[in-house]
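There are 2 protein chains.
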Amino acid sequence: MTTLAFEDFTPGRVFELGTTVVDRDEMVAFARRFDPQPFHVDEEAGKASIFGALAASGWFTAALWMRLYVDEVLNKATSLGSPGGEELVWPAPVFAGDELRASMEVLEARSSRSRPGLGLVKLRARLHRGDVLVFHSTFTGMFGAGEQA
Amino acid sequence: MTTLAFEDFTPGRVFELGTTVVDRDEMVAFARRFDPQPFHVDEEAGKASIFGALAASGWFTAALWMRLYVDEVLNKATSLGSPGGEELVWPAPVFAGDELRASMEVLEARSSRSRPGLGLVKLRARLHRGDVLVFHSTFTGMFGAGEQA
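First to last, the protein sequences are chains A and B. Residue 1428 is where the first sequence starts when you use my numbering, and the numbers rise one by one after that. Residue 1428 is where the second sequence starts when you use my numbering, and the numbers rise one by one after that.
Think of the hints as simulated: they come from the structure by calculation, not from any bench. What you are looking at is a predicted structure, and each value in this text was computed from that prediction instead of being measured. Glycine is no exception: its CB is placed at the ideal position from the N, C-alpha and C atoms. Wrong hints could be hidden among the right ones.
Covered stretches of chain A, as calculated for chain B (at least 3 residues, CB under 8 Å) [claimed, not checked]:
id : region
1  : 1432–1444
2  : 1486–1495
3  : 1499–1511
4  : 1521–1534
Residues from chain A that keep clear of chain B, each with C-beta distances beyond 12 Å, as calculated [as the list claims (entries may be wrong)]:
id : residue
5  : R1451
6  : A1482
7  : R1540
Simulated restraints on C-beta separations [to be verified]:
id : chain 1 : residue 1 : chain 2 : residue 2 : range
8  : A       : A1472     : B       : S1538     : 23 to 33 Å
9  : B       : R1451     : A       : R1537     : 15 to 25 Å
10 : B       : D1452     : A       : R1537     : 33 to 43 Å
11 : B       : G1573     : A       : A1572     : 16 to 26 Å
12 : A       : D1558     : B       : E1513     : 21 to 31 Å
13 : B       : T1430     : A       : E1471     : 12 to 22 Å
14 : B       : D1450     : A       : L1534     : 17 to 27 Å
15 : B       : G1511     : A       : R1528     : 17 to 27 Å
16 : A       : E1513     : B       : A1480     : 37 to 47 Å
17 : A       : R1537     : B       : A1519     : 18 to 28 Å
18 : A       : E1513     : B       : V1559     : 18 to 28 Å
All chains, please: the whole structure from these sequences, using the hints.
Spelled out as structure tokens, the structure:
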């Protein structure tokens, strides 16, 4: 298997990460444990809410994106974790049964000044239901430089 | 029970949200499902990593904060959800058994121009282990105005 190293994350490159379907039971179980607001755990409260139906916790939506990113990129890469990000947006609600398509775009890449062999990659996460963007985030990933670098 | 409305979120007000202890089994189960990077799911890989031990997924850490925020603030408030945030930072790793203390600080509050009765509150989330800040985030919450407003 080819390992993705820092040098492979060139600005403008887009990684398509595949799709996932929102499982109702898992969506509600997640909300019960981590985000038990009425519109995330109760059908009727969801209908009466600003979302118009039982809606996923935004943290669940983010976590669904993360799993696809780990499977398609991070666990095939010289990933060294993430210090965080600077944007986290849920422009539209996510509902049970939604099929979500994930992608990741490289925005910037630079070598660390203080730590040779380490590269910092700024990237944009996106999750779409059809043409509707339901989640996006901009954050930084740390990756080891390739052995040939 | 007094309901917290938009007017109660005055800039500078800090809400102490209590503490939670990181359960090892739950931490690993979360990572297996949503963030199965080796240093989040395997003890040895964690020791060999930049973190020095098996470390929590940052999304799990964020979700732990969220639960305390829901229990102590949102489910006692006129919460109408969140459109997102502009900062998400994990300055230090979180480990199994850590006791984490959560807080929320109101940074800004303004009434919506387009939607009367709706207020937008910019707030900072923080999670500490002792004096070490392990998670912080800045995002916006939407709250209904109080009936007396």
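Which earlier hints can't be squared with this structure?
Structure breaks hints 1, 4, 6, 9, 11, 14, 16.
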